[in-house]
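K.L.:
Chain residues, written in single-letter form:
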Amino acid sequence: MAEALLEVADLTKRFGGFAALENINLTVSPGDRVGLIGPNGSGKSTLVNCICGTLHNETGTVRFDGAPVDGLKTHERTRLGMARSFQLPRPFTSMTVKDNLRIPLIYTVDARAKSRLSPAELDERCAELLRLVGLEGKAHKWPRDLTQVEMRKLELARAMAAEPKLLMADEAMAGLSHSEVADIVSLLIRLNERGVTIILIEHIMSAVMSFSQRLIVLVSGRKIADGVPQEVIQDPDVVRAYLGQ
Amino acid sequence: MGIPYELLINAVIAGLLLGGFYAAVTIGVSISFGILDIVNIAHPAFIILGSYIAYIINSRLGVDPIVVSIAMLPAFYVLGAAIYQIYYLSFERRGQEALRSLAFFFGLLFVTEVTLILVFGVDYRYVEAIYIGPTLRFGFVDLPLRMLVPCVMSVLLLVVLQYYLSRTFTGRAINAVAQDQQALQLMAADPIRIKRIAFGISIATAALAGALLIVIQPVEPSVGREYIGRVFAICVLGGLGSLPGTMIGAILLGVVESLTSTFYGPSWAPAVAFGFLLLTLAFRPAGILGR
Amino acid sequence: MRSSAFLLCAVVVAAVVFGLFRLRGDEYYFFAGYVVLQYIVLATAWNILGGYTGYVNFGSAAFFAIGAYSTVALHKFQPAKWTLSVFGWDVPLGFLDPLFPLPIPVLIVFGGVIAGLVGLGTGYLTLRLRGAFFAIATLALAVVVQTLVTNWDYVGGSRGAYILRPASVPLVGNYIEYLFLIMLFLAVVAVATARAIECSRLGYGFATIRDDELAAEASGVPTLRLKLIATTLSGAFMGMAGAPLPYYVTYLDPASGFSLAYAVNSIAMPLVGGTTTWIGPLVGAILLGTIQQIATVTISSAVNLLIVGLILIAFVIIAPNGLVGLVQGWFRKKDA
Chain A
1 MAEALLEVAD LTKRFGGFAA LENINLTVSP GDRVGLIGPN GSGKSTLVNC ICGTLHNETG
61 TVRFDGAPVD GLKTHERTRL GMARSFQLPR PFTSMTVKDN LRIPLIYTVD ARAKSRLSPA
121 ELDERCAELL RLVGLEGKAH KWPRDLTQVE MRKLELARAM AAEPKLLMAD EAMAGLSHSE
181 VADIVSLLIR LNERGVTIIL IEHIMSAVMS FSQRLIVLVS GRKIADGVPQ EVIQDPDVVR
241 AYLGQ
Chain B
1 MGIPYELLIN AVIAGLLLGG FYAAVTIGVS ISFGILDIVN IAHPAFIILG SYIAYIINSR
61 LGVDPIVVSI AMLPAFYVLG AAIYQIYYLS FERRGQEALR SLAFFFGLLF VTEVTLILVF
121 GVDYRYVEAI YIGPTLRFGF VDLPLRMLVP CVMSVLLLVV LQYYLSRTFT GRAINAVAQD
181 QQALQLMAAD PIRIKRIAFG ISIATAALAG ALLIVIQPVE PSVGREYIGR VFAICVLGGL
241 GSLPGTMIGA ILLGVVESLT STFYGPSWAP AVAFGFLLLT LAFRPAGILG R
Chain C
1 MRSSAFLLCA VVVAAVVFGL FRLRGDEYYF FAGYVVLQYI VLATAWNILG GYTGYVNFGS
61 AAFFAIGAYS TVALHKFQPA KWTLSVFGWD VPLGFLDPLF PLPIPVLIVF GGVIAGLVGL
121 GTGYLTLRLR GAFFAIATLA LAVVVQTLVT NWDYVGGSRG AYILRPASVP LVGNYIEYLF
181 LIMLFLAVVA VATARAIECS RLGYGFATIR DDELAAEASG VPTLRLKLIA TTLSGAFMGM
241 AGAPLPYYVT YLDPASGFSL AYAVNSIAMP LVGGTTTWIG PLVGAILLGT IQQIATVTIS
301 SAVNLLIVGL ILIAFVIIAP NGLVGLVQGW FRKKDA
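Protein chains in written order, with my numbering: chain A, 1 to 245; chain B, 1 to 291; chain C, 1 to 336.
Chain A on its own, in the form it takes in the complex (with noise of 0.2 Å):
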């Protein structure tokens, strides 16, 4: 039994009265696939943020590659492995492409191996990248010219870039046409083949489902299924809460 590589434990995260999330637990391995669902407003987004460390959750633990991670700021957090793409593409609108991808690897593989990789490695490990998404060729492009889905695959490999262990895509295929979403999920699980876990969360079913190996599901801030795809999607709690909105 492979040791967990993120274990969420009562989480419970409020906005004054509100809470946004309640008591979540879960546990992600090594090498999972793991699917994030929910209606809109169940607190996915606000999961992914309080794992990062960009909002303070109130009560519950998390642990990251069996460590303790509370109290360590996002950056951190993306140096000991951690990842996440942003719902909506956030990109380094002052810099090319290329210099998007040169962040992470300055400042989390540069700072994690406490080393400098050479301008010429530099090069090499962006252009790599950037082959791994697709985007060979658009090195020099600026984040304005490209289109929703190249947008989408850059900010997948920024997040790539930082050699991530865990990568927490947040609704990576939002608006996307059928073949452009076919597209990002067999990159994501290409990615998932080198290694990297991923958590993803989807509100488009057929990538999810074609994606996943297991399936959790967050209604009103709480987690009531989390298991096989084809078993939790029958789940009559789960069906009631879709089909309830």
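Treat the hints with care, as some may be off.
Calculated cross-link-like contacts (lysine-lysine; reagent style DSSO-like; alpha-carbon spacing at most 27 Å) [stated by the list, open to error]: (1) A:K141 / C:K334; (2) A:K98 / A:K73; (3) C:K334 / A:K138; (4) A:K73 / A:K165; (5) A:K98 / A:K165; (6) C:K81 / A:K98; (7) A:K114 / A:K165; (8) A:K114 / A:K73; (9) A:K98 / A:K141; (10) A:K138 / A:K98; (11) A:K98 / A:K114; (12) A:K138 / C:K333; (13) C:K333 / A:K98; (14) A:K141 / C:K76.
In case anyone wonders, no lab produced these hints; they're calculated from the structure.
Once you've looked at the hints, dock chains B and C against the given chain A.
P.N.:
Same frame as chain A, now just chains B and C:
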């Protein structure tokens, strides 16, 4: 007991009255910053502008300054709406970063102050009204009318605004626009128009606050800058966007300032507000009645 | 171009400028030039924080004045009159007497250190929050520092302080030329530092903070640490710009030390020039600074400031990337 009991009570009462007034000064920013999330650091400049307008009309025509300000409310409202329109077209729509909008408001603050210096010079100006001068006395307790009247007006202002924001359709829409623009659009209300109305109201309150200010103390163009620290300290302390919170924060600051003034000297007053600001920012960004 | 090569070029340019001014021989040029150079430092300093990281500092006057007033305080300091109490031993400070009054370069370092520490402190308390709160805190800081200085009689309080220039002057014979030279040197250092930062990893880090701080954190950028570095550097340079001021004006009071001119110019110059590179503040300072020096002769200083304020508002609305941005945009259109 070394502390002069009567001095203490009077300092606290003066602080309460001052705090009430501070609420009127802050309420505009509670709306623009707390609800609309627009960092209008130029707000004190509009207050001073209101003070000077009250001064001109009071000194030329002898009209009561507070009456003048009420007459000026529509004009200030229009000014606010116009500024919001420029702000929206230049910054919000383009998605420009905070830097530019902050610089814009700073420019407004600066230009207003310098224009007032050019037109009026740096001499202190004051107004004349029947309630400036007399003081009510209850035993050893002093209630200067020139502090009491602005405090009462301020409370009235807050009550009216609270009613407006919670009972009327537009008012509730203003509250909603902070949280959920989409919901507003679904309700067939134009978020831009709602924000413009809100900002207009915010600047309109400056007209009244300006009149109250010049009743309480003589005014010269740089006085506005002293209030920036106070206004934002109260805003953060009271919880952004909460009107009752604004009053509580204002009274708290007023009392502490008054006590400091009485026992350590009035020149330390701006430092008190700044200290408050830093403390609130460092420890409770959500304020006391948090959002 | 490597930073060391750039520094060399900058020194050469500075030497040429100084040489030209000496050839002209007119003392007025040195007086006016000092002010423009001072603004180059101020604008560049402001931009390290405001332009590179996007955090706006409205209290430039405070940092500048801290530099100026630390000079005043040290100028008045007479070690012979003081005794330091350390662990029960009394150490008379008279032995430090020959060092005082301190030479200007030392005063600059002091001014820079103190201002830098204040920047660090303010930043530490407010930079974990949104940029808007930092901006507000700096505005309030300016008022507070002015209040403190106005109430501090040791440096003259509201009455002001008179500063006597030393009789002998190192390097060049003329005192105003000496001050000019010092400020020239400071300007070179400031601009070279800004450029070095811009082209470095640190500069990239700053840019990510400006572009999207959340994404920067998620990418491993230690945003708080970088912001503190920027604030400290920025504050320090502003303090250094202010340190020689008392010797330039010979009479310093809070009204002139905290003049509105410093507040608005340190923001207007980078914004007009362009905030994303080191060239912007330089261009903005030279342009606006020179215009103001010429205008002060013909129109009142208040009208002067009004115009600067209006220019600031106009540029922020119409040309948000400044003159540099306009030029870059023009070149891009030619390529397209």
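K.L.:
Taken at face value, is the distance from the CA of K114 of chain A to the CA of K98 of chain A at most 27 Å?
P.N.:
holds, 22 Å
K.L.:
Regarding the pair K138 of chain A and K333 of chain C, is the alpha-carbon distance no greater than 27 Å?
P.N.:
holds, 20 Å
K.L.:
Between K333 of chain C and K98 of chain A, does the CA-CA distance stay at or below 27 Å?
P.N.:
Holds. K333 of chain C to K98 of chain A sits at ~23 Å (cutoff 27 Å).
K.L.:
Taken at face value, is the distance from the CA of K98 of chain A to the CA of K81 of chain C at most 27 Å?
P.N.:
At roughly 62 Å apart (the allowed maximum being 27 Å), K98 of chain A and K81 of chain C break the hint.
K.L.:
For the pair we were handed, K114 of chain A and K165 of chain A, check the Cα-Cα distance against 27 Å.
P.N.:
At roughly 18 Å apart (the allowed maximum being 27 Å), K165 of chain A and K114 of chain A satisfy the hint.
K.L.:
Mind checking the alpha carbons of K141 of chain A and K334 of chain C for me, to see if they're no more than 27 Å apart?
P.N.:
holds, 18 Å
K.L.:
Check the hint pairing K141 of chain A with K76 of chain C against an upper bound of 27 Å on the C-alpha distance.
P.N.:
Violated: K141 of chain A and K76 of chain C sit about 59 Å apart, past 27 Å.
K.L.:
Taking only the CA atoms, is the gap from K114 of chain A to K73 of chain A under or equal to 27 Å?
P.N.:
Since the Cα atoms of K114 of chain A and K73 of chain A sit roughly 19 Å apart, the hinted pair holds (cutoff 27 Å).
K.L.:
Do the alpha carbons of K334 of chain C and K138 of chain A lie within 27 Å of each other, as the hint requires?
P.N.:
Given that 27 Å is the threshold and the Cα spacing comes to 22 Å, the pair holds.
K.L.:
K138 of chain A and K98 of chain A: Cα distance at most 27 Å?
P.N.:
Distance ~8 Å between K138 of chain A and K98 of chain A Cα, so the pair holds.
K.L.:
Assess, step by step, whether the Cα of K98 of chain A is no farther than 27 Å from the Cα of K165 of chain A, and give holds or violated.
P.N.:
Status holds; Cα separation ~22 Å.
K.L.:
Decide if the proposed pair is consistent with the structure: K98 of chain A and K73 of chain A, CA atoms, cutoff 27 Å inclusive.
P.N.:
Distance ~26 Å between K98 of chain A and K73 of chain A Cα, so the pair holds.
Hints 6 and 14 from the list above are not met by this structure, while the remaining hints are.
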